[in-house]
Amino acid sequence: MHYPWWYVPFLTSPMLIAAVAVIHVYVSMYAVGGGLFLAVETQYAHRSGNRDYLSYLKSHAWFFILLTVVFGAITGVGIWWTIGLASPLATEMLIHAFVFGWAIEYVFFVLEIAAAFAFYYFWDRLEPTVHQIIGWIYGISAWISLVLITAITGFMLNSGAWPENPTFWVGFFNPQFLPQTIARTGGALLLASLYVYLHAALSRGDKDPELLKLISRRSTRPGLLGAILITVGGAWWFVALPSSAQAALMVASALNIFMVLIFSVTVVVFAMLYLGPYRNPGWITPGFAILLFAFGLAAVGTGEFVREAVRKPYIVNRVVYSNQILPEELATLRESGYLEGGTWTHAYVSEHYPQVVDGAGQIDEAALLDLPEADRLEVGAVLYQYHCNDCHAVEDGYTPVGQLTRGWTPEMVRLLVENPEKAHFFMPPFAGTPEEAELLTEYLLSISKPFPVDLLTTADAE
Amino acid sequence: MFVGPDNPLGYPAPYWFLVLFKVLGFTLHMVPMHLWYAGLISMLLLRATGGEQAKRLSQRLVNALPLVIAMGINLGIVPLLFTQVAYYKAFYPATILMAWPWFSVIALLMVAYYGVYIYVIGLRKGELSLLRGASGWVAALMFVIIGFWFANSFSLMTNVGAWGALWEANSFAGAATGTALNTADATLWPRWLMMFGLALTTSAAYVVVDTGFFAGGESEDYKRWALGMAFRLYTLGIIWFGATGSWYIFGALAAENRALLLSMPALILTALTALAPGLPWLLILTGRGGVTRGRALLTGLAQFGVLAVNAVSRQILQNAELAPFMDVTAEPVSVQWSPMILFLVLFVVGLGVVAWIISQVVKASQQPAAS
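Chain order of the listed sequences is A and B. Following our numbering from start to finish, the first sequence increments by one per residue and tops out at 469. Following our numbering from start to finish, the second sequence increments by one per residue and tops out at 1350.
Check each hint, because a few of them may be wrong.
Claimed, not checked - Simulated coverage check for chain B against chain A, where a stretch passes if three residues somewhere in it have a Cβ under 8 Å from a Cβ of chain A:
hint: 1; stretch: 1013 to 1020
hint: 2; stretch: 1023 to 1036
hint: 3; stretch: 1108 to 1114
hint: 4; stretch: 1120 to 1132
hint: 5; stretch: 1169 to 1179
hint: 6; stretch: 1197 to 1209
hint: 7; stretch: 1260 to 1272
To be verified - Dumping the calculated DSBU-like pairs for lysine-lysine here, alpha-carbon to alpha-carbon at most 35 Å:
hint: 8; chain 1: B; residue 1: LYS1104; chain 2: A; residue 2: LYS214
hint: 9; chain 1: B; residue 1: LYS1034; chain 2: B; residue 2: LYS1342
hint: 10; chain 1: B; residue 1: LYS1342; chain 2: A; residue 2: LYS65
hint: 11; chain 1: B; residue 1: LYS1034; chain 2: A; residue 2: LYS65
Worth flagging that the hints you see were computed from the coordinates, not collected in a lab. Note that beta-carbon positions come from the ideal geometry of N, C-alpha and C, so glycine has one too.
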C-alpha cells in the first residue's frame, strides 16, 4: 500500500521469503552449532594431543567455511533482499525498531569472518592456545548473532508490550525471546552433529574406523543436548504464543500435521542418535548419516515454516498486518477508502480513472461504482493485488481465491470480503469502504471457479 | 505522488549519525568490492595474456579473493542497513520495480563466489583445468552484472520522476511485475562504468599494498614488475574514471544537479573527488623502482581517501536528486540511546578483537607451518 506490490504469479512474493529463509536456516544454524562444535573439539584435540582428530577437524573446518561463509552468508543477505521486496512495510518497521540490533549483529558477523579464516588458514601456524581462543571467538560470536536475530524473529511472533511501549528493549525481550533462543540453540547443536556425521561418513568412509568412532562419539553429545533443548524450547514456545497463533495451530490441518511432525521427528532423531552413534559409534555409514541428516532438515525446516505461518493475521504481531497495513491505519482506510489511503493505489486510480478523482485529488468512492463493468473489475483486481495477494494467488497457485470460492454465491463472497476476520480469525480485517467491498466482490466472482460438477446434487441442478 | 508516509517510529538516531555510518560503510565496502569487481577480471586477463610475472601477480590477488569477498559482503550490510533506515521511501519502491533483477543478485553472487572458490582451488593445486579456468571468468561476468543491477537500483532510487512510467510498463493490475530497469536514465551507464574505473584504481593500489607488505618471499624482479603493472593499471583506471565521470557530470546529470556540483561550496568537493586519485597515482609513479612498507601504507590510505571523498560526493548528490520529492533530513527522530551506545561500544571492542586476530595472523605468518 505504501509501496508498490510485487506480483509473483502462482507463488505470491512472500512465499519467496519462506523459501529463502528455510534454506538459509539449514546453514545458518550449522554456522552456529558447527562453530561451537569446532571450538570445543579443537580444544579437546589439542589437549589430548590427538593429531588424527585435529587433522579431521581441519578438513571439517574447510567444509564448514565453504558452506557457511559462502552459502550461509549469501542466503542471509538473501533474506534481507527478499523481505524488502515482498514485505516492505514490515521491513521498514522492523529496521526502524531494531536497527541497532542488526548493527550489533553485523559487528559479530565481521568477528565471525575474521575468526573463521584465521582459524582455518593458520591452523598449523597459530599457537595452540591462540588457535583455541580464535575458535571460541568464532563460536561465541556466531551464537550471539543467533541470539540477536532470534530476538527480532521472536518479536515478529509475539511483540509483547511493545505496541503500548515501543522501545528497543521491550521489543527485544519479548515473550518469545527465551523459548526461541533455547529452541534455536538446540537446533544449531543438533544440525551440527548431523552435518559432522554426514561429512565424516562421506569423507572418511572406512579409512580409519577408530577415528570415525571417535568422531561419532564426540559429535553425538551436542546432538542429544540439541534435541532436548528443541523439545524444551518448543514446548515453551507454544506456551508463549499469542492466543491467535495457538488457535491458528489448532485450526489449520497442515500446521497440525507439521507440529506432530516436528516433535515426532525430533524424538526419532534423538533415539537414532542415542542408539546409533552414541551407543554404537561404528554404525555411522553414509546411508545412516544421510537419513539422519534428512530427518534433521525435516524437523528444522518444518519448525521454521510453522513459525512463519502462525503469525497471521499479522506479519509482525500487532504491528503490521500480513497485507502490509498498520493496525492504526484501519479506521481511516475504512472511512476514506483503501484506494485513497494507499500511495500506489491512489496513483493508479488517479492515472487510469481521473473521472473518479475530485478537484482536491480525492477519490470519489461512490463514483467508482459508476465505472463500466470492465473498469470496475480492473479496480477490483487492483484491490485484490494490494489487499489479498500477500497470502493468496489469483486463480491458481498458493491458496488461490479463485479455487477457494468455487461455486460461492455473490452473497457469500460479499460476506467474506466485508468480514474476513470473522470467517477466518487468522485473516486481517477488510480495510476499505463498502464501495470497495462491492468492487472486490465483483472481481472475486469473476475469477471464482465453478462448483465441482460431480458434487452437484439434483437440487443444485434444478 | 509515489512517495509514502513517514515511518511512525521516526529515525532511531539523528540523521547525521545514520548518514555517517551509511557513507563510512559504503567506503569500507568499496575496498573489497573493487577487488572482485574490476580486480578479478583484470587479473584473469593478465593471466591469459601475460608472462610469468603476470601469472604470479594474478595468482596473488585472486588467491586473496575468498576472504576479500566474505569481508566485502559483510561490509556491504552496513550501508544497506542505514539506507533502509533513512532512505526507505526511495529504496523500497525502486528495488520493487526491478524486483527480479534485484532478487537475482543472490543467485548471481552465489555462482560468482563458488566460481571464485573453484578457480582458486585449481590455482592452489596447480591444476587449472578448462572448467576451473572457466569458473573464474563466469564469476567475473557475474560480478559485472551484479554491478549493473546495483547501478540500476541506486540510480532508480533517485529517478523518482521515472517511477510512474516504469510501473505502468511493468505491472499487472497495478502491482509491479518486478521487471523494470532504469536503462532510459542517462546517468545509469556512466555511473556503472565510473565505478568500474574507480575499481581499477583500487585494484592497482591493492597491488602496491600487497607488494609492500606481503610479497616478502617474491623476487625483486617480480616486485618491480608488479609495481610497474600497478602504475599502468592505476593510469588506466584514472583515464576511465575521468572519462566516464565527465560523461556523467557533463553529459548525463540533470542541469540543476550539475549546477549544484559546480558551484560553491560543493565545487570544492567535486574538485577534490576528481583530483583525489592523482595522489595515489603520484605515489605509485614515484615508487615504481621499489616500495617500502611506509609508502605502501600511504598509498593504501590515499586510495581509501579517494573512495571516502567519492562516497561523500555521491551522498550529497543523492540527497540533491531526492530533494524535490522528499527531505530525508527532516523526519522525526526518536533516539534509541542505550542500543546506540551499546552498538558503538561493541563496534570499538569488535575492531579491537579483529586487530588482535590480525596481529596473531601476522605473527603466525612469519612462522613455518607445523605440518
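Status of each hint after checking the structure:
Taking a C-beta to C-beta cut-off of 8 Å, the stretch 1013 to 1020 of chain B contributes 0 residues in contact with chain A, too few for the three needed, and the coverage statement is violated. With 0 residues carrying a beta carbon less than 8 Å from a beta carbon of chain A, the stretch 1023 to 1036 of chain B misses the three-residue requirement, and the given coverage is violated. A stretch counts as covered by a chain when three or more of its residues have a beta carbon under 8 Å from one of that chain; for the stretch 1108 to 1114 of chain B and chain A the count is 0, and the coverage is violated. Counting residues of the stretch 1120 to 1132 of chain B whose beta carbon lies closer than 8 Å to any beta carbon of chain A gives 0, which falls short of the minimum of three for the stated coverage.
Counting residues of the stretch 1169 to 1179 of chain B whose CB lies closer than 8 Å to any CB of chain A gives 0, which falls below the minimum of 3, so the coverage claim is violated. Interface restraint, the stretch 1197 to 1209 of chain B with chain A: violated (0 residues with C-beta to C-beta distance below 8 Å; minimum three). Under the rule that three or more residues need a Cβ within less than 8 Å of chain A, the assignment of the stretch 1260 to 1272 of chain B is violated, with 0 such residues. A distance of roughly 23 Å separates the Cα atoms of LYS1104 of chain B and LYS214 of chain A; the hinted pair therefore holds under the 35 Å criterion.
This hinted pair checks out: LYS1034 of chain B and LYS1342 of chain B have alpha carbons roughly 28 Å apart, not beyond 35 Å. Pair hint LYS1342 of chain B plus LYS65 of chain A holds up; C-alpha atoms about 20 Å apart against a cutoff of 35 Å. Taking the CA atoms of LYS1034 of chain B and LYS65 of chain A, the gap is near 29 Å; set against the 35 Å cutoff, the hint holds.
Checked against the numbered hints listed earlier, the structure breaks hints 1, 2, 3, 4, 5, 6 and 7; every other hint is satisfied.
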